[in-house]
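Using the sequences and the accompanying hints, generate a full structural model.
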Amino acid sequence: MQERTLGELAEYVGGRIVGNPDTIIKSASTLGRAGNGDISFLTNRKYKRQLRITKASAVIVGKEGTADTSVPLLIAEDPYYAFMQIMVLLHGHRKHKKVGISPRTSISDSAKIGADCQIHDFVTISDNAKVGDGCVIYPCVYVGSGVQIGNDSIIYPNVTIYDGCKIANRVIINANTTIGEDGFGYASHKGVHHKIPQIGTVIIEDDVEIGTCCAIERGTLSDTIISQGSKIGDLVTIGHGTKIGPHCLLVAQVGVAGSTSLGHHCIVGGQVGIVGHINIGNNVTIAAQAGVINNIPDGKVVLGAPAIEAGQGKRAYGMIQYLPEMRHNIRKLENLLERIAPSVESEAEKSDEQQL
Amino acid sequence: MQERTLGELAEYVGGRIVGNPDTIIKSASTLGRAGNGDISFLTNRKYKRQLRITKASAVIVGKEGTADTSVPLLIAEDPYYAFMQIMVLLHGHRKHKKVGISPRTSISDSAKIGADCQIHDFVTISDNAKVGDGCVIYPCVYVGSGVQIGNDSIIYPNVTIYDGCKIANRVIINANTTIGEDGFGYASHKGVHHKIPQIGTVIIEDDVEIGTCCAIERGTLSDTIISQGSKIGDLVTIGHGTKIGPHCLLVAQVGVAGSTSLGHHCIVGGQVGIVGHINIGNNVTIAAQAGVINNIPDGKVVLGAPAIEAGQGKRAYGMIQYLPEMRHNIRKLENLLERIAPSVESEAEKSDEQQL
Amino acid sequence: MQERTLGELAEYVGGRIVGNPDTIIKSASTLGRAGNGDISFLTNRKYKRQLRITKASAVIVGKEGTADTSVPLLIAEDPYYAFMQIMVLLHGHRKHKKVGISPRTSISDSAKIGADCQIHDFVTISDNAKVGDGCVIYPCVYVGSGVQIGNDSIIYPNVTIYDGCKIANRVIINANTTIGEDGFGYASHKGVHHKIPQIGTVIIEDDVEIGTCCAIERGTLSDTIISQGSKIGDLVTIGHGTKIGPHCLLVAQVGVAGSTSLGHHCIVGGQVGIVGHINIGNNVTIAAQAGVINNIPDGKVVLGAPAIEAGQGKRAYGMIQYLPEMRHNIRKLENLLERIAPSVESEAEKSDEQQL
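From first to last, the protein sequence lines are chains A, B and C. With my numbering, letter number 118 in the first sequence gets 118, and the count goes up by one each step, no holes. With my numbering, letter number 87 in the second sequence gets 87, and the count goes up by one each step, no holes. With my numbering, letter number 51 in the third sequence gets 51, and the count goes up by one each step, no holes.
Derived by calculation from the structure, the hints in this document are not laboratory data. A quick note: this is a predicted structure, and the numbers were derived from the prediction, not measured. It cannot be assumed that every hint is accurate.
Intra- or inter-copy, both count: the list cannot distinguish identical chains.
[Stated by the list, open to error] No more than 27 Å apart at the CA atoms, straight line, and that leaves these computed lysine-lysine pairs for DSSO-like:
no. : residue 1 : residue 2
1   : K112      : K95
2   : K55       : K97
3   : K97       : K112
4   : K63       : K195
5   : K130      : K98
6   : K195      : K48
Here it is as structure tokens:
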């Protein structure tokens, strides 16, 4: 933990200060919990009124600034990004103990381990697997035969990586996740489901992070790909042969079926389901719990199950609650019309039937 | 397994008997499968007709009793609670083998282990971790540095607990669950997602049970808290900085996003999704698969996605099936009106347009 | 990898050829990626136009054949089944290294291990457990006391099998899955949830495959059963005492609550939720994300939440997007009627109120 002045932080993130630049900052905290020495941040308007009562020594705000507080402010173009920079500066990322290569591992003679790796107890590294430099592999991780891991990747405890998968550089895979199990592929014939060999693998590109308890299936014929810079939450499953483009965000409990592709910079909310064999464009946003069954062009925002364009969808799904009232009103109109125009209606009905 | 008379059981649970108190009871079973020596129970009306044909030696029923059977009855105020008490009396909870502290573990010299612990093979306990008295830690569990575990807690195989998390007393964590992985927090800047250090931890209070394959994220700045007595099903994820109040029940596959709080005694059905940064009150019930996007006051029952009050919601969501009929009827009304009042309608439309 | 002629493959699968039977086939690939020596297949019409540009050496098609390509064709009655047969012939299923019984395991003296088993490092096999012949048990698997595993079953890394569960022959359990954790059963009494001992187990019959990160709960009183030939995807949970019939397919992220039964040959789409204590018949198909709250008779296809018959459901759920328009049109009709028949309406409303 590093101690800094507010002035140093402002210079570091390229922001400007309202208040005393010599204010000492030791750590970061929320507006509600911050005390002396803490810097906090405001990016969600919901918390704006906390500005008046926060005990933080300073608060990071957006360039529009704020007059709602007497607390020193650090005004940044992108306050959440500045907050991230300051978090890294003050607290850093998780430190990994230098354990070297434990003798209590099970490492094949044909496996290759790079320099400066930390391989913990009870790790298995199978035949012909390659681990690059600077990797950290926590206890009880299983690295299958022929798996390739690049440099500076971190594999947390109890992760399983099936044979032949490729993990690139600076990848983080969180605990209890499985990479490369067989895709859910069976040929059903005369009532029996026959397993189809899944000869594709999984490719995870640079700077990807994958949450805990995820399931990334290997492809049937082609590879399943998680492209560069994408971040995947907990309990997510990606089907066989699916491609997640670069710099996507997939929140927890998302399921993407097989042979689907997502473009770059897509944001997929929690518990979303996406069917197989469709194409999602670039910069697509899919709201939580949506069910996506059709292609989505670039830049669209969708929600609901079935998923539709968000503006329309917000109104439409929000209107389900009025269905009883609507049905009642339709009946009232029908009754009314029957009373004021019984003869006309019966005639109209006749002609209606003829049209069917 | 203990053998008891029905009279002894009735005294134990504070119930009364209809039938022979000397009936011998050896174990518990369902109405459909029970045989001689088995006690069964009826709390779900669905199974009431099974009372007439059950071969159980006795049946626990509610205080309203029943005339539908000749089987001896144990009448209890809260029959499901009486059933639980009798299950514990006759069968007990899982027994854990006394293995002591296996030499085939990886326990840091700076870790502290209390008295009467069972630490199985292939367990890792990292630097400065503390484990209280009477804990059972099954194979391949990972306990990160600085983790604190209270007394009499049970950690099943392949659980991962990240650094710094606090697990209290009599906590049960089921297999393959992860506690304290980094929250899903990134600052997106110029198309790249930058990881934000997550400096909070996870606090799990007394008497909590957590299912298998769960993911409880650590907080970004504050802690994620699962309060006393709450029970969490399988494949549940709790987001960073979220607080689950005391004595809640979260059924399988629930997802709660970050910085949300639930009060006490909430019941959350399977596959429910709850967004971040909202407040759910006390004694709130959320039906399975609901999507909760707004605060919910104390005592409410909600359902649906988006979630609405249950009474209204049951009718509204149940009415979606009539949408084709409703739309057809609206068109019929429009056609009819056009025929009986074409001139009026066109005038009305004009005035309608002027109002827009 | 085996090299074959197209003629040999046609004979093997019982198909006929259009084109040169001496075409050499070395492996299988997708239409889009296939090159010289590859056989591909067409079963999804979506990809039909790829037939004209594929560089595959041959393509498996259905008996209706196709005139859209000059590529040699293998015409099969059930082309996906033929594709599976050829995949197995050319590539085979995963080969498991012969490691014997590693000395770095933890196997109880009272456990019995059959012939030709491969038991990897860091595996635990507890008291009185039995493992049949030809099983493969990967690193860090936990086999609880009294567990029985049949012949030729494969248990991938980090799987946990709680005490007393029964796994039959040729079963595949993928990594990080848990079998037999306690069912989610508590008796709530005066605001406290009391754990009910779960004395049932889990029975997994022959030829079942279970995905990764699944949670199969043990029964409270009776057993949880996954019947013969059923295949279960990733991140699926099956509640206590539930029975999945033979030859079912449960896609990823399905949740089935306790004491429910599914018949044979059911297909359950991704993210489906099924409540407890209901009966699903045989040959039932449930579309992805459906919420099933009532019994379903044999042969039905359902979708939606709440789930309704598919034909009706497809139209009904697809019509949610028109709700704003429908509501607008109802209001227009009301306004119109008010103008053309104000006196009648007010009278009608009166009589309407009297009816309530």
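Going through the hints against the structure:
1. K112 - K95: both (24 Å within a copy, 21 Å between copies)
2. K55 - K97: Answer is neither; intra-copy 35 Å and inter-copy 51 Å both fail.
3. K97 - K112: both (21 Å within a copy, 19 Å between copies)
4. K63 - K195: The answer is between: 22 Å across copies meets 27 Å, while 58 Å in one copy does not.
5. K130 - K98: Intra 20 Å, inter 21 Å, cutoff 27 Å: intra and inter.
6. K195 - K48: Result: close only across copies, 24 Å inter versus 56 Å intra.
Hint violations for this structure: number 2 only, all remaining hints satisfied.
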